[in-house]
Amino acid sequence: MNHEHEELIDLLAAEYVVGTLRGSARRRFERICSSMPAANAARSRWEDRLAILALQLDPIQPQARTWRAIRQQISATTVTPMRPRKPRGRWLALAAAAALLAIAVWLVPQWTGAPTQIVAVLGTDAAHPQWRIERSADAHQLRVTALGAMTSDPRSAFELWALPRDGKPPVSLGLLPRDGNAALRLNLAQSLAVLAAGKLAVSVEPPGGSPTGAPTGPVIMLVAVTSSS
Amino acid sequence: MVTMSVADNDEIEQLLIRCAAQDPAALEQLYKHVAGTLLAVVLRIVRQRDLAEDTLQDVFVRIWVNARQYDQIRGRPLAWMISIARYRAIDLMRSQRLAVPLIEEDLPEQLIATDAEPASFGESARTKTALQHCLEILSAPQQRCLVLAYQEGLSHEAVATSVGQPLGTVKSWIRRGLQSLRRCLES
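Protein chains in written order, with my numbering: chain A, 1 to 229; chain B, 1 to 187.
Just so you know, the hints here were simulated from the structure itself, not pulled from any lab data. Wrong hints could be hidden among the right ones.
Derived lysine to any residue pairs resembling SDA-like cross-links, with alpha carbons at most 20 Å apart [as the list claims (entries may be wrong)]:
1) B/Lys171 - B/Ile137
2) B/Lys171 - A/Gln190
3) B/Lys32 - A/Arg22
4) B/Lys32 - B/Ala21
5) B/Lys32 - A/Val219
6) A/Lys168 - B/Asp54
7) B/Lys171 - B/Ser187
8) A/Lys168 - B/Asp71
9) B/Lys32 - A/Ile220
10) B/Lys171 - B/Ala158
11) B/Lys32 - A/Gln190
12) A/Lys168 - A/Ala214
13) B/Lys32 - A/Ser75
14) A/Lys168 - A/Ser136
15) B/Lys32 - B/Asp54
16) A/Lys168 - A/Arg143
17) B/Lys171 - A/Pro59
18) B/Lys171 - A/Ala214
19) B/Lys171 - A/Val219
20) B/Lys171 - A/Ser75
21) A/Lys168 - B/Ile137
22) A/Lys168 - A/Leu192
23) B/Lys32 - A/Arg26
24) B/Lys171 - A/Arg185
Pair by pair, the computed Cβ-Cβ distance ranges are [what the hints assert, rightly or not]:
25) B/Ser139 - A/Ser35: 15 to 23 Å
26) A/Gly148 - B/Tyr70: 19 to 27 Å
27) A/Gln61 - B/Pro166: 34 to 42 Å
28) A/Leu8 - B/Thr161: 21 to 29 Å
29) A/Gly148 - B/Leu185: 45 to 53 Å
30) A/Ser75 - B/Thr161: 39 to 47 Å
31) A/Gly23 - B/Gly168: 16 to 24 Å
32) A/Asn2 - B/Gln72: 24 to 32 Å
33) A/Gly208 - B/Ala140: 44 to 52 Å
34) A/Gly23 - B/Leu185: 46 to 54 Å
35) B/Asn9 - A/Arg68: 38 to 46 Å
The structure displayed is predicted, hence computed values, not measured ones. Don't be surprised by glycine CBs; every beta carbon is placed ideally from N, CA and C.
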């Protein structure tokens, strides 16, 4: 990498961290960072340098409800050795159920026409549902219904991800329709990811979806999967 | 439930390592240490208290989910968390295109508090003085535009409106400010 190139990357990193790199340029730089360690390192350096500007702000005591909501959200995704009783029992039961379902998926791969179950309703908040996600009983298919219109750059795509409970990387489930509904066919890995997911997330991606197999754009929605029992 | 308490980077890093091992007690400790700062960071950008609290919630869930990215965190846990909070707030403002009123009482006049208590988070004292020193070297407009953009999450256009200067001028102030800052920090 020549010096000029290095300078440019560093300036982009700085503008990214300051926040003045916007729109598609911002997303492009995120993709550069995920494939180019030097860019990622430059971004980290600027994050470190400028963090002091954030630390100059006087802390503000959050409302009590915020921590309660966080605790509630993470408890759905937690396997904890510290408090083994309830969460762990639940996790083991879920894992066993997922394993059984996985076997069922293997044995009965064409179990179509089965009833569906709502997995999640995604929206920026409860008052503005955006997509309803249902899965077929065999977990081979998701039915996605757009409930509202996304007002955003028509060139960007919305990609649905399953976030495993064990903290492994997100698994892409496909692109969400802007309107109407769509069926997403899942392969075995995706089916298992849906069954074992603690949360679903939606990220904004370039047309055609994430080029890296991991979310590259901002995650605009993150919801816990509706309990299956 | 929390009051801000002082913790150093090592302690925060240890808490993040425990979060990566899915220990909710560690997240609660972490929250006690940094939630107040992260809320202040987010509120500056989104400017609505309820939205800021919701964003803070999302930020902590992300911290919980992403705590395994140890390579990203090592040695710089606080900057890592501040970045999650800022980027989340900036993206939220962009995706929702929120037209929000300026809440004046939340925005102190003195944006660069050079005499602020600097050591509460145990970042290296040398770095701190260096950065503050280098900020002071910038011209007043460069400094003001940079801090406005960073702390308030303003776009070039919004900074230009805020300081009443042409867009091109503001862009070049910010760019030159960043270049000077880097030269100063690397020297």
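- Message: Need the list of violated hint numbers for this structure, in ascending order.
- Response: 2, 3, 5, 6, 7, 9, 11, 14, 16, 17, 18, 19, 20, 21, 23, 24, 25, 26, 34 and 35
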